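Using the sequences plus the hints, can you model the full thing?
2 protein chains.
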Amino acid sequence: MIDSQSRFQPLFDPKSIAFIGASNAPGKWGCIVLKNLIAGGYSGSIYPINPKEKIVQGINAFSHIRDIPETPDLAVIVIPPPAVPGAIEDCVQKGIRAGLIITAGFAEVGGDGEKFQQDMVEKARKGNMILVGPNCNGVVKPSNKLFPQMPSVFPNPGAIAVVSQSGNVATSLTRRAVKSGFGISTMISSGNEADLHCEDYFSYLGDDPETKVIISYIEGFRDGRRFFDTIKKVTLKKPVVMIKAGSTDAGAQAARSHTASLAGSSGSFIGASKQAGITRADNLEDLFNTGIGFLNQPIPRGNRTAILTMGGGWGVLAADASSRYGLDVVRLSDKTLAALDKILPAWWNPGNPVDMVAGNIEGAMMKSIQVLLEAPETDCLILLGIMGLFKMRPVFDHMPEEKIKNHLKETTHQLAEAFDEIRKMSHYHKKPVISATELPFAVGDMEERIFTMLGTKGFALYKTPDTAAKVLSHLVDYGKYLKAVNGEL
Amino acid sequence: MIDSQSRFQPLFDPKSIAFIGASNAPGKWGCIVLKNLIAGGYSGSIYPINPKEKIVQGINAFSHIRDIPETPDLAVIVIPPPAVPGAIEDCVQKGIRAGLIITAGFAEVGGDGEKFQQDMVEKARKGNMILVGPNCNGVVKPSNKLFPQMPSVFPNPGAIAVVSQSGNVATSLTRRAVKSGFGISTMISSGNEADLHCEDYFSYLGDDPETKVIISYIEGFRDGRRFFDTIKKVTLKKPVVMIKAGSTDAGAQAARSHTASLAGSSGSFIGASKQAGITRADNLEDLFNTGIGFLNQPIPRGNRTAILTMGGGWGVLAADASSRYGLDVVRLSDKTLAALDKILPAWWNPGNPVDMVAGNIEGAMMKSIQVLLEAPETDCLILLGIMGLFKMRPVFDHMPEEKIKNHLKETTHQLAEAFDEIRKMSHYHKKPVISATELPFAVGDMEERIFTMLGTKGFALYKTPDTAAKVLSHLVDYGKYLKAVNGEL
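Respectively, the protein sequence lines represent chains A and B. Each residue of the first sequence is one higher than the last, beginning at 1308 in the working numbering. Each residue of the second sequence is one higher than the last, beginning at 1308 in the working numbering.
Keep in mind that the hints were calculated from the coordinates and are not lab data. Note that the structure is a prediction, hence the values are computed from the model and not measured. Each hint should be verified, as a subset may be incorrect.
Remember, identical chains collapse to one label, so a pair may be satisfied in a single copy or spanning two.
[Said to hold, decoys possible] Calculated lysine to aspartate or glutamate pairs in the EDC-like style (CA-CA distance at most 20 Å, straight line):
| hint | residue 1 | residue 2 |
| --- | --- | --- |
| 1 | K1674 | E1396 |
| 2 | K1335 | E1669 |
| 3 | K1322 | E1745 |
| 4 | K1519 | D1784 |
Written out as structure tokens, the structure is:
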């Protein structure tokens, strides 16, 4: 275990970095990637390599790798493909142990590119150097302020790792991590996977104490058997949520011309991923939503679902969605209904969903949550319209900014307190509570800001009943898998 | 046709309104609904009815309906159920032709409520008065500044109508209309449908020149045969997008206790809705996204889809999603590929998706769109990563507010110009172009604001390839229906 961690140390926790292809010319990737690395606040030494410039972006440059006064851990490489094998050779001689090749134009274009890639990998492996890429977006490790990447997206440290064979999908996911407030532990755009394959990253992240959930976009495998053997071990430690792209004929064809990956048959992947405990997402939203859903929820023991809602329509939508995603909208026992009778207004209509209708008696929602989590016939809860958890005052666009800000602060504080209480109950009973709501009394970007601020506190809040049911169904399936493998949860 | 329009005139275009149950007590619905009516800027006279107060919310009140000095068109009724039949009687005697009963506690609670509802409907029908509700959220007609409703949501006038048997879903959808910038023509929360049924509203909206698309949430029908006969005529004039809630056993049970509606079997609904040309949505997002998708797009002649993308991963996701939703990711002809060869960088990989990769040569995206729309082998286009349409400069959070505002203005302007050009080509060729992208260079709520500002100009922009493909598939299916019924598009 320590092996993979120490092997990846020069990549994700480099003491200093050589930047090969560093540039002052705005618009050039050698300029942008270096700018991002500096902007991210990297605290070690950066050694720009540039044969012509003495100073690059304010830092003393070196004309050759051999001239650097120490041995950097990592080389970031942003030079044209024909020059890369030579640069790797130089890195090896210098004793550099990790390389990140961002440049494109290798195996994915064929011909000479293919040859340069082979050459580069041979030289690196002979010299015990690991390589990320080529043809990738970069890697990111916020806890180490490490941002050698093409896009200018700077997430906070978090517990979600992103592994993607597509650079733009990696960015999409990282941006979601920023917007949601959750942050990430690691982002890896794996590109052509000339040396390191995605299974190497999964293996590393499986043992990474910072990472609690892995979300990934995968088009195909260099070594399918090794991939599944690896991932099987990882999913016993933490959830792996994955989009397997290229799973239709049209998609597979698109993937071939994108990363030249061997998509394999969709059917065999479905079978293998089930056996390996992979949580499969349908699309980007589902992938990210499920990732943050796993973060702070207990894994449910079964699929018996209670629904508590502040509105009838939402309850019906949640019941439909639950049913469609394989959840059992359970019949509540007489005892549970009697307990709810004591809490809810006289006109409530006993059943599941538990519809609190428009009227919300002080504290009724929190008490109902407690009853539903204590009920032996439930495994989990969908909670809709959490405005019922507290008194939310209306806000209007024309209010002074100061007043809106105070309201935002107060609302987030109240919500976080309520969520904290729910989380405690939820973990005590080992029953996840998935919440979805809109915030009708939010103006401008206030809704987004409330969601983000809850994210920074570790609370995932969704917008629609459908999303809540879908995320919950993924948690249920993962629980079922763990139970089948381990005999218990 | 003129019939339904004149029948609904007192409801949606009232010259003056009696407000029965008007209140000064904050927190009471009689206060909130009146407040919303006033806040919305209604320009006719409002006559608050209150036996005790002389002035309600600054307006002279009347102790009885008969005392009003003219005959209002509409009565908004927010008094307890037992008093409603008497109030209706008074309205009829006064000559009022439409009533909106917001109060709950009628048929949905059974017993006396059931009786009050029957009584009220009998009195209204005898007096030639139409009734909305009871147990509803209100109605909204922004072009007439008419907002007698429970929630404080004020959309701009637009071309989408919302019909919902659930009040909270109606609000969800109306809020989306506000946030998206599209606005609405009409919102109807139909409640218990004691008198007017949803088919009456569909019939009215089918002939309403303001309404171009109808989106709706339906749990069940009072008269299924009449419903489908009506809707069949409407879908020939404009698209009707619908969530049929309660389509699973769990959902049906939830719906029964919500609106006591007869959900009917799911299978028979699917068949009937297909024959009636209804576009069925899976969830709230799908419903709204499809609604705005229909607004300004030509209906495609077939399902042969081209995909143009600024990133490989997004292209693969779009190809997968297209395939899953029944679109044909068409093989581009040699002629089309040759035309693209002249536009795109040398390293592009010929095929569909057309992957423009990271490099974007000036104007290449717009020229490629033109080629793909002119190609006889395509019916429609998915466009991903429209940042390629113009030069978008990075923005950072720490920039001065003024600079960010200018950037926002400039970006929206450029995007709107590009979208305008695409719309012209799209309509000329009768091929829809559905766009999805994230805006990586947007900070704070800028992304949301750009999407909203595009919405006010009538352009729908989505975020993910999956959404684009799904919306497009709904357009394709509707085109297929129209073709089957009309023989041509």
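Verification of the hints:
1. For the identical chains of this complex, K1674 and E1396 are neighbours neither inside a copy (67 Å) nor across copies (43 Å), given an alpha-carbon limit of 20 Å.
2. Only between protomers do K1335 and E1669 lie at most 20 Å apart by alpha-carbon distance; the minimum there is 16 Å, versus 60 Å within a single protomer.
3. Proximity of K1322 and E1745 under a CA criterion of 20 Å is satisfied in neither setting, with 45 Å inside one chain copy and 34 Å between copies.
4. For the homomeric pair K1519 and D1784, the shortest alpha-carbon distance inside one copy (18 Å) is at most 20 Å, but the shortest distance between copies (42 Å) is not.
Checked against the numbered hints listed earlier, the structure breaks hints 1 and 3; every other hint is satisfied.
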